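S.K.: All chains, full assembly: derive it from the sequences and hints.
Protein sequences appear in the order of chains A and B.
So that you can map any letter, position 32 of the first sequence is 32 in my numbering, and since no number is skipped, the others follow by simple counting.
Convert by adding 97 to the 1-based position in the second sequence; the result is the number in my numbering.
Keep in mind that the hints were calculated from the coordinates and are not lab data.
For clarity, every value in this text was computed on a predicted model and none was experimentally measured.
Treat the hints with care, as some may be off.
[Said to hold, decoys possible] Chain A residues, not near chain B, derived (Cβ > 12 Å throughout):
no. : residue
1   : 16
2   : 22
3   : 26
4   : 44
5   : 53
6   : 60
7   : 67
8   : 72
9   : 78
10  : 82
11  : 85
[Unchecked claim] Cross-link-like lysine to aspartate or glutamate pairs, in silico, EDC-like; alpha carbons within 16 Å at most:
no. : chain 1 : residue 1 : chain 2 : residue 2
12  : B       : 324       : A       : 89
13  : B       : 201       : B       : 176
14  : B       : 201       : B       : 239
15  : B       : 249       : B       : 176
16  : B       : 324       : A       : 79
17  : B       : 201       : B       : 243
Idealized CB from N, CA, C, for every residue including glycine.
Spelled out, the chains give:
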Amino acid sequence: MLTRAMLTRSDTPRLAGKVRLRFDRHSGQHLLLYPERGMQLDAHAAEILQLCDGSRTIAAVAAELAQRHHHAAERVESDVLNFLQQLQDRCLIEATP
Amino acid sequence: MSEPLDSGVPRSATPRPYVLVAELTYRCPLRCVYCSNPLDLHRRRTELDTATWLRVLNEAEALGVMQVSFSGGEPLLRDDLEQLIGQAHSLGLYTNLATSGIPKGHERLAGLQQAGIDNIQVSVQDISASGATRIAGGDFHDAKLDFAARVKAAGLPLTLNVVLHRHNLDHLERFIALAEALQADRLELANTQYQGWALLNRAALLPTREQLQRAREVATAARERLKGRMELLFVMPDYYSDRPKPCMAGWGQRFLLIAPDGRALPCHGAHDLPGMADSNVQTHSLQWLWQDSPAFNLFRGEAWMPEPCRSCERRALDFGGCRCQAYALTGDATQTDPTCALAPAHELIVTARAQAESSELQYRSMATPT
Chain A
1 MLTRAMLTRS DTPRLAGKVR LRFDRHSGQH LLLYPERGMQ LDAHAAEILQ LCDGSRTIAA
61 VAAELAQRHH HAAERVESDV LNFLQQLQDR CLIEATP
Chain B
98 MSEPLDSGVP RSATPRPYVL VAELTYRCPL RCVYCSNPLD LHRRRTELDT ATWLRVLNEA
158 EALGVMQVSF SGGEPLLRDD LEQLIGQAHS LGLYTNLATS GIPKGHERLA GLQQAGIDNI
218 QVSVQDISAS GATRIAGGDF HDAKLDFAAR VKAAGLPLTL NVVLHRHNLD HLERFIALAE
278 ALQADRLELA NTQYQGWALL NRAALLPTRE QLQRAREVAT AARERLKGRM ELLFVMPDYY
338 SDRPKPCMAG WGQRFLLIAP DGRALPCHGA HDLPGMADSN VQTHSLQWLW QDSPAFNLFR
398 GEAWMPEPCR SCERRALDFG GCRCQAYALT GDATQTDPTC ALAPAHELIV TARAQAESSE
458 LQYRSMATPT
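M.R.: Laid out in structure tokens, this is it:
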């Protein structure tokens with residue numbers, strides 16, 4: 001059995017081809033939409049995914065967020081990595097090394 | 098499509114529709130023996146015009162819908178498909194197209210892409226042309242595979258859908274290999290739901306428990322192996338799960354289906370249900386239909402529930418199952434779904450499982466029965 005693809009901080013993530021990030025004017029929150037499903041995102045999750053546009057590494061996404069919110073970069077990076085790994089497992093993001 | 102949107106939003110008194118299923122036409126080159134369309138297709142030839150569909154899309158977005166699934170019949174048989182997808186896309190809706198790619202789907206791929214289609218779903222009936230022809234009532238297998246490959250070649254996301262039954266359930270490994278070869282983004286292994294033509298053909302389609310258990314093992318192993326690479330969905334059929342499916346995530350809770358003739362329905366199987374006749378977008382706004390119509394309020398909440406549902410601890414999980422299935426099998430839509438082992442009419446399911454041995458298939462047709 002192949003081992004699960006694990007993300008690292010130097011990977012560059014973006015939404016998978018079938019996934020759209022949309023602002024939901026009815027709830028005022030962002031939704032992640034994909035075939036026959038959807039996921040309501042809180043403000044943090046939406047902010048992370050808005051930065052996952054294929055131009056930044058996970059480390060760079062975390063650094064950007066840490067700077068914006070004056071948080072410790074290490075802690076933010078571990079949160080971002082965990083969140084993105086969950087989405088990766090569900091084929092909602094794609095990452096290139 | 099009976100999976101809930103996993104949005105985590107609690108059910109409230111005024112639910113919000115998230116998904117619109119737009120059945121554009123019942124016309125279809127295929128004649129699949131498990132089709133969920135109604136049996137009296139020959140009496141349902143009326144189709145909404147483009148302007149009405151555009152209004153429906155606008156009203157759906159205003160109500161809260163975030164996803165539209167264009168299906169049928171075969172949606173490609175509508176010349177305005179690109180226009181409708183374009184409108185949904187411009188409204189910010191996620192758009193999915195369920196198609197066979199026939200006729201001439203490949204010639205329209207560029208137009209569909211330009212209109213903003215987000216996902217294309219193609220179903221295959223079996224892994225060989227002869228097996229597929231037996232189920233689809235015609236030789237479409239190679240054309241479908243060609244279309245699926247072209248979807249990917251165009252850079253569009255592909256969902257491969259397989260409706261499972263006795264005759265193809267043992268081919269699960271090969272369906273999975275096919276999905277991998279096609280580089281499908283998503284593989285839906287959906288056991289037949291016994292509504293419409295599938296109910297008519299139930300005795301010839303219902304698999305054995307042994308087939309299902311083996312298939313579940315194959316699917317579970319593949320899901321683990323493909324984790325992070327291909328989304329794989331396998332749902333056990335309610336005929337063998339002893340608990341009903343949470344049909345449509347509850348009646349009038351998340352899903353809204355518009356049939357080709359404009360009927361607004363809470364479920365694919367609701368065509369023949371008493372109380373649905375006046376639920377039509379040609380005579381009412383979508384807002385009224387969703388919020389106020391007797392049809393959509395018929396089974397909201399729990400007041401309609403009989404025992405054993407009413408006092409069942411699972412009533413908020415499965416909502417007593419599928420109302421249409423209860424009606425189709427017992428003649429009473431307020432009955433507990435017979436697939437539930439606690440249902441008074443569960444014997445019907447036990448008997449169907451025991452009798453599932455006939456092999457005569459009756460093909461879907463729009464012709465008047467003789």
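S.K.: Decide, hint by hint, whether the structure agrees.
M.R.: Evaluated hints:
Once the 12 Å rule is applied to beta carbons, residue 16(A) is inconsistent with being away from chain B; the minimum gap is 7 Å. Not every beta carbon of chain B lies more than 12 Å from that of residue 22(A), the smallest distance being close to 6 Å; the non-interface claim is violated. Not every CB of chain B is more than 12 Å from the CB of residue 26(A) (nearest about 5 Å), against its label as outside the interface. Consistency note on residue 44(A): stated as away from chain B, and its beta-carbon is indeed over 12 Å from all of that chain's, at 15 Å minimum.
Chain B leaves residue 53(A) outside its interface by the beta-carbon criterion, the shortest separation being 17 Å against a cut-off of 12 Å. Every CB of chain B is more than 12 Å from the CB of residue 60(A) (nearest about 22 Å), matching its label as outside the interface. Non-interface call for residue 67(A) relative to chain B: holds, since the shortest CB-CB distance, roughly 29 Å, exceeds 12 Å. Here residue 72(A) stays apart from chain B, with its beta-carbon at least about 28 Å from theirs, past the 12 Å limit.
The non-interface label for residue 78(A) is consistent with chain B: the shortest C-beta to C-beta separation is roughly 19 Å, beyond 12 Å. With a minimum CB-CB distance of about 15 Å to chain B, residue 82(A) clears the 12 Å threshold, and the non-interface call stands. The beta carbon of residue 85(A) sits about 9 Å from the closest Cβ of chain B, which is not more than 12 Å, so the claim that it is off the interface is violated. With a C-alpha separation of about 6 Å, the suggested pair residue 324(B) and residue 89(A) falls inside the 16 Å cut-off, and the hint holds.
Distance restraint check for residue 201(B) and residue 176(B): the Cα-Cα separation of roughly 12 Å lies within the 16 Å cut-off, and the hinted pair is therefore satisfied. Taken as a hint, the residue 201(B) and residue 239(B) pair is honoured in the structure, with Cα atoms around 13 Å apart against an allowance of 16 Å. Under the criterion of a C-alpha separation no larger than 16 Å, the hint pairing residue 249(B) with residue 176(B) is inconsistent with the structure, at around 23 Å. Proposed proximity of residue 324(B) and residue 79(A) is contradicted: the alpha carbons are some 21 Å apart, above 16 Å.
Our distance criterion of 16 Å between C-alpha atoms is met by residue 201(B) and residue 243(B), whose separation comes to about 11 Å.
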